[in-house]
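On the provided structure of chain A, position chains B, C and D as indicated by the hints.
Protein chains in written order, with my numbering: chain A, 13 to 157; chain B, 275 to 562; chain C, 130 to 792; chain D, 462 to 651.
Take the hints with a grain of salt, since some may be wrong.
No farther apart than 30 Å at their CA atoms in a straight line, the calculated lysine-lysine pairs in the DSSO-like style are these [stated by the list, open to error]:
#1 C:K479 x A:K66
#2 C:K526 x A:K127
#3 C:K655 x A:K127
#4 C:K691 x C:K300
#5 C:K152 x A:K43
#6 B:K389 x D:K634
#7 A:K43 x C:K236
#8 C:K170 x C:K655
#9 C:K386 x C:K294
#10 C:K294 x C:K388
#11 B:K415 x C:K477
#12 D:K478 x A:K43
#13 C:K386 x C:K477
#14 C:K463 x C:K357
#15 C:K526 x A:K43
#16 D:K640 x B:K389
#17 C:K152 x A:K66
#18 C:K388 x B:K405
Quick partial rundown of chain B residues pointing at chain D, CB under 10 Å, derived from the structure [what the hints assert, rightly or not]:
#19 V323
#20 S329
#21 K389
#22 P428
#23 F433
#24 E437
What the hints contain is simulated information worked out from the structure, not anything from laboratory work. Quick reminder that beta carbons are idealized off the backbone N, C-alpha and C, glycines included.
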Amino acid sequence: MTDTFEPKITAFVCNWCTYAGADLTGTSRIKYPSNVRVLRLPCTGRIDFMLLAKAFARGSDGIIISGCHPNDCHYTSGNYHARRRWMVYRNLMDFMGIDTSRITFSWVSAAEGAKWAELVNEVTEGIRAMGPYTEYQELAHAGVE
Amino acid sequence: MRIGYYPGCSLLGSSREFDESTRAVAEAIGLELVTVPDWNCCGASSAHVLDHQLSLALPARILALAEAAGLTELLAPCAACYNRLCSARTELEADPAAREAISRIIELPYQGRVKVVNILEVLDRCQDRLKAKATAPLGRKVACYYGCLLVRPPRVVAFDRPEDPMSMDRLMVLAGAEPLAWNHKTECCGAAFSVTRTDLVARMSGRIVAGAAKAGAEAIVVACPMCHSNLDMRRPECNALLQADHQLPVLFITQALGLAMGLDPVRLGLQRHMVPALLQPAAAGAKA
Amino acid sequence: MSRIGVFTCHCGENINGTVDCGKVAESARGVPGVVHSVDYKYMCSDPGQSLIKEAIREHRLTGVVVAACSPRMHEPTFRNAVAEAGLNPYLCEMANLREHCSWVHEKGEATTAKAADLVRVMVEKVKHDQPLQPIRVPVTKRALVLGGGIAGIQAALDIANAGHKVVLVEKSPSIGGHMSQLSETFPTLDCSQCILTPRMVEAARHPNITLYTYAELEKLEGFIGNFKATIRRKARSLDEKLCTGCGLCTTKCPNKKIKDEFNEGLATRGAIYVPFPQAVPNKPVIDKLNCTYYKTGKCKLCEKVCPTGAIRFDQEDELVTLDVGAIVLATGFKLMKTDQFPEYGYGKYKDVVDGMQFERLASASGPTAGAMKRPSDGKAPETVVFVACSGSRDRSKGVPYCSKVCCMYTAKHAMLYKHKMHHGKAYVFYMDIRSSGKDYDEFVRRAIEEDDVSYIRGRVSRIYEEDGQLIVQGADTLQNGRPVEIKADLVVLATAVQAQDGSEALAQKLHVSYDPYHFFAEAHPKLKPVETNTAGIFLAGACQAPRDIPETVAQASGAAAKVAGLFSRDELTREPVVAVVNRLPAPTFSYCVGCFLCQSACPYQAIEQEQIKARDGSVIRTLAKVNAGLCQGCGTCVATCRTKAIDIQGFSNEQIFAEIMTL
Amino acid sequence: MTGSPHPSAPSETLKAKVEQATGVKLNHCYQCGKCTAGCPVAQDMDLTSCQILRLVQFGDPAWDRQALQSEGIWLCLACETCSTRCPQEVAVPKVMDFLRAEAVRRDLAHPRSRDILAFHRAFMDSVRATGRLYEIGLVADYKVRSRHFLKDVMLAPRMLVRGKLPLLPHLIKGRDAMKRIFQRTLGVKP
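Isolated chain A (complex conformation):
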């Protein structure tokens, strides 16, 4: 490891669009930083946002949530549900002292291998600039866990 800060990024992605898109990034051999860890879910609609708090508590510095484009959801409307619920949870997270600017929402389709790479690049650079996210971990160890 280098002495420069290497952010830890956790990605919650849906199985049908973004996971497949990320597979395409691989088959197209497009390179991106190895900071990201992908968690595969059936659909972004599956995401329980309390899991994000958990991810931060476990030392993630940034989070990506990516699914199908609007209207393209494999399950018709899961991505809409996710987005709607996020509106609600965001306030809660702000209240919990979570820096929601470290959470990036995106749409990457199964055909957008290059876009996935760009997304990871942007987020990694962005988070690297923001620095490590220790605040919440401390908070969490103080008792939220």
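Below, chains B, C and D alone, put in the same frame as chain A:
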């Protein structure tokens, strides 16, 4: 209406009639032209041949001065100036670093707030007022010649379509003229080779003049000093090469509109042309 | 205590090239619960799989993690292997070391470290895996084929001949598609309609095929084996049973000035019309937008002349709902129009035509009865210029991809022209000649060598009209770009093949993915070329990518084989990735409080209400209950549930929680 | 052409320089010839636009030199017909601009470029001195540089009588600033 004005060098010299007619028409339709204080040459077709930075710096200084003068929109009647200003603006818009570098070079803050517009764009907006004033319909067949710099490259200058543009044709209809469909609207006239490679200019401009004549045009209408001088001043060379005697005059768009508004031909500077262009409105008969 | 086995695959050099697989296996051994960890060159190979099977027996494994490629690639492979070894297949998970790691990162410690992480995450997941039983669902043995071109016809016939019912839906008034418009076909120059028409008739007559022309898919619900499709049958304004197809109405219609789609606007038709003489069904349709009666309320001439009184002005669209088990998408393509080309005159020159228009000009059934006449003045063109790659491989104004068929049909066009006008001159401007295919290159050579077609390597910069001729400005790049100017009487642009209009909307109706150009996406570029990533929906022909006829027919038969395979079983097993509501002994019964937020969130109406009654029949509690047949396992309900009473098998809260905890 | 190309280190090839300075991706050019097909001066060029791009694509010093020595790069009028129609979005005139400057830097400019160069320099000198173009000055200066004393002698008087050639230059106030601009860009002497 009030708008920034950048005449450019040729409009003070070899193409002063373009300046004269622009001012005359502007006055007639109540368009106030505010000249950029202490403006400099835009670099024309020479700066970018010698050095890229220079080709950015010269237009940048003009735009910075306009900005400082509180102008938001800058009219550059000369197509070459218009194109240089637009290119510099587009390039600097994309690159903040370059913006800073340029600001340092020109010793003026450059933000790129001033929008650059050409004469066709501006006149297009004033259609109503033009219609109202155009009392002396030209009633002539004209070939609208746009040249290169007004329509290309589309990434930089996108006010009309790059092939077969129509904005000037629309204005000529307002002037009671009949714009013709012809094939050389956007062919290159030879531009900067006027002095150095007159042979090429003769061929290229000759093709355009011949094309217009073939289409049955009684005049060619332009919006670019370089096009004008090549089609007008270089006419002898063109005719010599074509072994023809094409005498159809070359008018600036503002001269043509001025005539249609019944403005004094001398005020429009028609006497300054090499190819006699003292067009009387068709009403008064006498074809050119 | 779980006993996990980890199997790390090198995938040749694909993974091992950038990831140190030895290290990954090594670090896995250190993970609590892992009792066995090895790396091997090719895990998916037979020896690789037996490696796993033996380990399961030997080490009495309770879970398996295969660290290899994407689960979308080989999960089924390894789950089968695990099952063969007697372990429940759903106790096997994959860590994606290839697509998500070795292929996208540079060789180095960080990459190997990530690989190890991915393995650890999966180990934790497996620890919380539950043995699951696949769900059995019945199969409706009727297929829906969308699109009545050669692709749809072929697919429908093959499925029907396999003994299954097919509904063939075509949006235009007749089946036949683009192929029915073609004159001759490469590389054999046999007449297109001669080989197509019999198939059209066969499809119409086939006892297993129901034909819905002038109809479109309105709505689709359900899932593989159990789709429910709603078809809109647009009103023909005609009683098809009474109509004999005598065609009297079409001859009498006073409105004759309407652009004829079948002839690509090179001829006109009436407001009541049959698209072309060999149309199937050979029944007319009234074009409401152009019919004088529908516009003004007067005329009805067709009704007066119809000997059987079949005209029905008051007819309305009809919605038909069908249960189908599989769907074949065969909606075809469209050609870019000539007005898309600024430098070629924005489509204002009548004698600059596209490839399909030239087909009509060359076709014996076309507006010129096959005689070479140009559209503007009917003059026989002495010089014809063909421009390949018009809009194709043009990232600035067209599409970046190669349209695949143009090289061949351009050679064909030039040939057809030369065969009709021996003294005429044919030029082809091209960039590359792409003629890979049986007898294809020979065909192109024939055009050049025998029919004396002049091929010029270069793109055309501009086309303009002068003295009734078209001046084509090109360059010969084989002569250092020497400018070439040709005075032509007719110019044919081989315009780009594009996705059919409305492809995007259709894809969204069906939940199949599509590429940036709106062609439907196959499930795997090599190994699943006819499947979509939605089970039970298959692809045939140019709706997936530019294709020629042989390829289209082959793919259509491939799709049909997939459907027949699906229909060969009475029921099919589905991944048990479905939601379940937890149940507990009385008096708690369940954490479910019966708020039914899940019900409103579920896109599949899969959540029902279940009443828990006391002996006296009085309702004690009303709980949510998941219909496993309808549930598709998106998990939206899980995320909505306040009391965590509902969970999803295979992606349970516990599992995902475990994954996160290992981060 | 020289035989097979012998690429020099990627970083200092002309190709790399062009791409770095203009942002044009030379590998995008797939040699369709559309630029040359529409070029109004292609027939006068010793090397046409597509040939020049081809030569520079390889990174072979010998081939680079051919491109830089060609007259073609000096005949480009920057009319932008090529870049407007290029299917691969290659801004050819930008490349030509760079190649001209580079040719001058390496002292490889084609002999017949002398006049063209003389004109552009005369033009810019005039601007450097006064801030604007002083046409009589330009013509005079150009004649001295190009030694075409008799060319166009008939034109000037005809322009004078039509008031198209002001006898005195327009001097702008910011002349010193202008001089500094030229210093910072062209260096002391253009």
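query: Against the structure shown, which of the earlier numbered hints fail to hold, in ascending order?
result: 1, 9, 10, 18, 21 and 23
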